[in-house]
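Model the full assembly from the supplied sequences, consistent with the hints where possible.
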Amino acid sequence: MDKKELRKRYEELDGMGKALLLEKLAFCKFADHYDFENYFRAGELKDSELLCLAGFLYHHECFLMLMDIMNQYKERFIFADTSLLREFEPDETLMERMARLDILPWV
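Reminder that position 31 of the sequence shown reads as 31 in the working numbering, one-by-one numbering, no gaps.
No lab work stands behind these hints: they were computed from the structure.
A few of these clues could be false.
Claimed, not checked - Below, in silico cross-link-like pairs of lysine-lysine (PhoX-like), each with a Cα-Cα straight-line distance of 20 angstroms or less:
#1 3 <-> 24
#2 4 <-> 18
#3 29 <-> 46
#4 8 <-> 46
#5 46 <-> 24
#6 4 <-> 24
#7 8 <-> 24
#8 74 <-> 46
#9 18 <-> 3
#10 8 <-> 18
Structure follows, in structure tokens:
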């Protein structure tokens, strides 16, 4: 693909498609071989490698690609730390705010 074909492809896309194409161009341009290959095997990566990939995407403002990776592997980005809840005492303000956020619709 040459520059003219790339420009034509870009012009044919809608707003979100254009943004995603620009992100992919940035990723292809700036990612080293290691990060580029990790993107395609994200499900097999160790947690530290996955976080490095996410950091790379964030640093290069590839937010749509980052959102896609985080959405696919959200359980690996969210660590349930129940130890924080051991001494947690909900008060009235907290419960009212949670209800307003529609997290607790039964309150």
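Against the structure, the hints:
no.	hint	verdict
1	3 <-> 24	holds (15 angstroms)
2	4 <-> 18	holds (15 angstroms)
3	29 <-> 46	violated (24 angstroms)
4	8 <-> 46	violated (39 angstroms)
5	46 <-> 24	violated (23 angstroms)
6	4 <-> 24	holds (17 angstroms)
7	8 <-> 24	holds (16 angstroms)
8	74 <-> 46	holds (14 angstroms)
9	18 <-> 3	holds (15 angstroms)
10	8 <-> 18	holds (11 angstroms)
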